[in-house]
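J.: One-letter residues, chain by chain:
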Amino acid sequence: MKLADFQSLFQERVLAGSGEADKPLLKKLRSSPRGATPETLLDVYQTGYRIRLADFVSQDHPGLRAILGDEAFETLVDEYIDRRPSREPNARFFTTGLPDFMRENSPWRDDARAVSMALFERAMVDAFDAPDETSLAVQALADFAPEDWPRLAFNFDSSLTLLELAAGTVRAYDAAINEETPEKIDASAAAEQVEYAAVWRVEHESAYRRLEADEYVALNEARAGQAFGDICQMAAFQQAGEIAPERLAQCLSSWFQDGMIIGVRVRDDHSSNTPSSA
Amino acid sequence: MENPAPLGYGLGLRPVYYDEILASRPPVDWFEIISENYMLAGGKPLAMLDRIRADYPIVMHGVSMSLASTDPLNFDYLRQLKALAERVQPAWISDHVAWTGVHGVTLHDLLPIPYTRESLAHIVERILRVQDFLKRRLVVENASTYVSFVDSEMSEHEFVREMAERADCLLLLDVNNVFVSSFNHGFDPIAFIDGVPAERVLQFHMAGHTNNETHRIDTHDQPVCEEVWALYEHARRRCGDVSAMIERDDNYPPLSELLDELQHMRDIDARIANERALSAA
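Just so you know, the protein sequences line up as chains A and B, in that order. At position 228 of the first sequence the residue is numbered 227 (numbering that gives the first Met the number 0), and the sequence of numbers has no breaks. At position 265 of the second sequence the residue is numbered 264 (numbering that gives the first Met the number 0), and the sequence of numbers has no breaks.
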């Protein structure tokens, strides 16, 4: 048997388990001098593969396990391993496709809370090893003349992810990582409501916090390169019932304090554009 | 080409020990990293590695080069590995006599091959290409295996010896893997150690494994067992001043227990040196 054919057979045995298809492979195995059956020995590779991948999913998704419960979580992991064989040399990235897998497949696509949790936890994992950047302190603003402030635009840490989630996702994650009993909520009602969150990295650890709706809009626009003055004029802020510049300044201050901002620049008038709608 | 100088006694660098290593600067001569765990854009793993690298030599040990696979060599992977090597400046880079998948799939395991002329020519050609790409000699490790094949035309140590000579690569002799495979396949572990070219052995791995009675599994989750220590002594007598280390990848003990295992290694080596000094006198 050619090496390539042998490797195809062997891999199929690891991925699919024992069956008719591995008879040609079994003929190629020497007997164990210790009496181990060929099935037992091939299972070392099969179970090893599944356990390693399942461990990665479990490590990355404590909140999802808490929401689904152990049995449903393990069913999800089994299905994911079966249907999405790993293609990444670095197993850390195996879990990256899980939220999309859930969104595309029944029954998980109907569980907005579970999909939200998977998205949130993927952002936490991605933030952990995102590229290194140096955040700026709010004092960086002192370098700019007051008349330039409306045209200030900001660069954000590449670890920052903004998420629209099913209501209660962040609280459920807090409960899971603190090993607390999750609150009882009406799942169908919660799935229809949303909350907003930011995930990023501070020093060496992933960080997160919930955002009010207006801050979520402002942060999205600021990250897209909109200038401070343009964001102030946005409809979402006008409707917020507060004086927009003060509220936005408050948000901006917290973005600096949180270590999200890595650059400040003055947009020239030619690059300024009409603010996008909220 | 001259071999890299021996580094002494090392440990596998694992995240669970970062804080203690940085706080106490333990008496370890060098650390080995799992290369893939640091092939990242940024973040804590690389930051910790940079800090530890400032005080200790580092060796890069990979698990995904898939040298024996019939898939094309993964040059995206090799480019990332090379970039990491430029950052870390490792004493050397190692991987395994194994494959990890075909058809683009990765099984995250070190899978066995039949020891045939075809396999030998295949892995030699790939090691040569990798060495050409990385601009350095590769260090290649014998893996633990749980099945062996009727198609094999030579023993594992014959395969490893010929591979090393034809590819002009260096060897990482995993003493625990020799023991595990010898138990599983019924060959003589001493004959294996005596059969590999000692002058090409640059490094020893020592680790624990799980004994399932009918077979043993290379789990790295237990202390090194007595049989493997005995084999280590034989390997040390044969290969001389080779960098040696303990691998631990699960069921992590306090760092002090791993340092005790390193001390046990030093004690064995000191005894061998004393015996040699006495017999020379």
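The set of hints was computed from the structure by calculation and includes no laboratory data. Some hints here could point you the wrong way.
[Stated by the list, open to error] Incomplete in silico selection of chain B near chain A, CB under 7 Å:
#	residue
1	43
2	46
3	63
4	104
5	108
6	181
7	185
8	189
9	190
10	209
Computed from a predicted model, the values in this text were never measured in an experiment. Cβ coordinates follow ideal geometry from the N, Cα and C atoms, glycine included.
J.: Now look at each hint and say whether the structure bears it out.
T.: Now the hints, each set against the structure:
| no. | hint | verdict |
| --- | --- | --- |
| 1 | 43 | holds (4 Å) |
| 2 | 46 | holds (6 Å) |
| 3 | 63 | holds (4 Å) |
| 4 | 104 | holds (5 Å) |
| 5 | 108 | holds (6 Å) |
| 6 | 181 | violated (10 Å) |
| 7 | 185 | holds (3 Å) |
| 8 | 189 | violated (17 Å) |
| 9 | 190 | violated (15 Å) |
| 10 | 209 | violated (10 Å) |
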